[in-house]
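All chains, please: the whole structure from these sequences, using the hints.
Chains as they are written, first to last, in our numbering: chain B, 1265 to 1563; chain S, 1265 to 1563.
In short, the hints are calculated from the structure, not lab data.
Pairs involving identical chains hold if they fit within one copy or between any two copies, as the list cannot separate such chains.
Below, in silico cross-link-like pairs of lysine-lysine (BS3-like), each with a Cα-Cα straight-line distance of 27 Å or less: (1) K1537 to K1335; (2) K1537 to K1334; (3) K1525 to K1483; (4) K1537 to K1347; (5) K1335 to K1405; (6) K1405 to K1334; (7) K1456 to K1534; (8) K1405 to K1561; (9) K1347 to K1277; (10) K1455 to K1483; (11) K1290 to K1357; (12) K1483 to K1466.
Protein chains: 2
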Amino acid sequence: MYLGFDIGGTSVKYGIVDENFNIIEKSSFATNQHSDIAVLDDICNAVEYMKGKYSFDYIGIGAPGFVDSKKGYIEGSANTPFKHTAVVDYVEKKTGFKTYVANDANCAAYGEYIYGQTDTENFVMITIGTGVGGGIILNGKLFTGSTGLAGEIGHIVIRHEGLACPCGKRGCYEQYASATALVRLTKEKVKKSDGLMSSEMKNKIDSIDGRTVFDYIRKGATDAKEVLDKYAKYLVDGIESICSLLQPDAIILAGGITNDKELLMEYISKYYKGSTPVKIAKLKSDAGLIGAAFIGKSL
Amino acid sequence: MYLGFDIGGTSVKYGIVDENFNIIEKSSFATNQHSDIAVLDDICNAVEYMKGKYSFDYIGIGAPGFVDSKKGYIEGSANTPFKHTAVVDYVEKKTGFKTYVANDANCAAYGEYIYGQTDTENFVMITIGTGVGGGIILNGKLFTGSTGLAGEIGHIVIRHEGLACPCGKRGCYEQYASATALVRLTKEKVKKSDGLMSSEMKNKIDSIDGRTVFDYIRKGATDAKEVLDKYAKYLVDGIESICSLLQPDAIILAGGITNDKELLMEYISKYYKGSTPVKIAKLKSDAGLIGAAFIGKSL
Chain B
1265 MYLGFDIGGT SVKYGIVDEN FNIIEKSSFA TNQHSDIAVL DDICNAVEYM
1315 KGKYSFDYIG IGAPGFVDSK KGYIEGSANT PFKHTAVVDY VEKKTGFKTY
1365 VANDANCAAY GEYIYGQTDT ENFVMITIGT GVGGGIILNG KLFTGSTGLA
1415 GEIGHIVIRH EGLACPCGKR GCYEQYASAT ALVRLTKEKV KKSDGLMSSE
1465 MKNKIDSIDG RTVFDYIRKG ATDAKEVLDK YAKYLVDGIE SICSLLQPDA
1515 IILAGGITND KELLMEYISK YYKGSTPVKI AKLKSDAGLI GAAFIGKSL
Chain S
1265 MYLGFDIGGT SVKYGIVDEN FNIIEKSSFA TNQHSDIAVL DDICNAVEYM
1315 KGKYSFDYIG IGAPGFVDSK KGYIEGSANT PFKHTAVVDY VEKKTGFKTY
1365 VANDANCAAY GEYIYGQTDT ENFVMITIGT GVGGGIILNG KLFTGSTGLA
1415 GEIGHIVIRH EGLACPCGKR GCYEQYASAT ALVRLTKEKV KKSDGLMSSE
1465 MKNKIDSIDG RTVFDYIRKG ATDAKEVLDK YAKYLVDGIE SICSLLQPDA
1515 IILAGGITND KELLMEYISK YYKGSTPVKI AKLKSDAGLI GAAFIGKSL
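Take a look at the structure:
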């Protein structure tokens, strides 16, 4: 049995996962937005509860943002209260369990590897959500870089002197290829176009989400097609960059935006000319939790 | 003893390298521009000559462009006659020696690793020349990717829908960060500026090379400073992208443009905000030959 935690901006999911990657018991609690130690105390309480019911060897924690897996720190992220927090040290001392921590997108990539993608030991997963995250699996292990910060795919530069990114750089991939960016592109289009999607959505701009363009392309809306065209070109730039640098066996796309798999792949195929296969993740929202539970095997 | 070949567009350098990475004997011949087999025959003749004088176990060949190390093919490059050429098969059959082939920038990175950079086993080398090449050293080995095409740093995209690249994509790094690009930026500046460099070079534009801006910055020319500023920003975009993806222990810059190390690093430092150290290669033009000679140890 393995105990994994998947820390998010809103809630912390946790669960017991067995050797066959089945989630035996799963629960969650709200993420305390004000105190990193409060979140860790909540995690320790969950460990106490689980150890009364199951036998597990260690704890694996996935968290958004910059995580130094080697030193066991969550350095920080926009939506959680961690700031250079010594997570491993704190949880180990309080629970007595060996503890591992890794970036959540890294955990999801590892989850996809152990459960989903069994045909290759070398792939890069791009997780498209509020931002863009990622994980690199090389020779069946998570590649974490010098201090655990590898796989920050959202911060590769695809547009020289482009949009400012909170990271301090300009033109970062996540400013163009995240679900947030797709929503922005959709809203920009709706404001200035008279197409079918724009006409219908002009008075309810705030209800536009990552599914809007997909829904309207199915209705034949040209303005929606133009948005997905533009977005796909941005998305492909990052895929091409990763392939030029690493030539993995596959690129795996994950995140809510990949739910409309056929349509997304159709638009990617229009612009992607590389030879590395691009696939959609098999595991959905539990990839991060499953990967976190087993992350100690990889680090 | 090790026998290495470094195939270039103009000449093929080759040499015997000892266990301490000293070049014992070195020579070169012109690259036959018209026939890939003619180049291979010239290589085989050099092997015959060297085997009469030295004892070596295998042959290592570095070549520009796309090289499939795993299958032993040189797929092709702009300045050599190779086109899906089965180099390893041909040379092994003709000489009887086990033969390895790898991309020349990959060989240079491996040469830098074994001889130059002894303090880390994980770095990315960016070789700046006519184009931009590179090599990734992970855990002391050349990382070659799925079919040996990893490390094509010149083709990561840094400018969405930017300049067309012969590879078929737009906005590739080498269109902005190669020595060729620096020369282009310099010429563009000279044509439209009235600064010191521009005034003096306007009538001899064809004599502008990669050193021109460096020479004029030392003379205090503002127009030259502006060119290197612009170039350094491009260069940094690629460095940042590599660091976001891989977080190596170091980025190593190589190529003629790094000869004016202090000035180049001063300009890079103005824009580079990452934590991964950026260094200049210790080995100069022999890195490719030394790396090729030993490449069998890495592949």
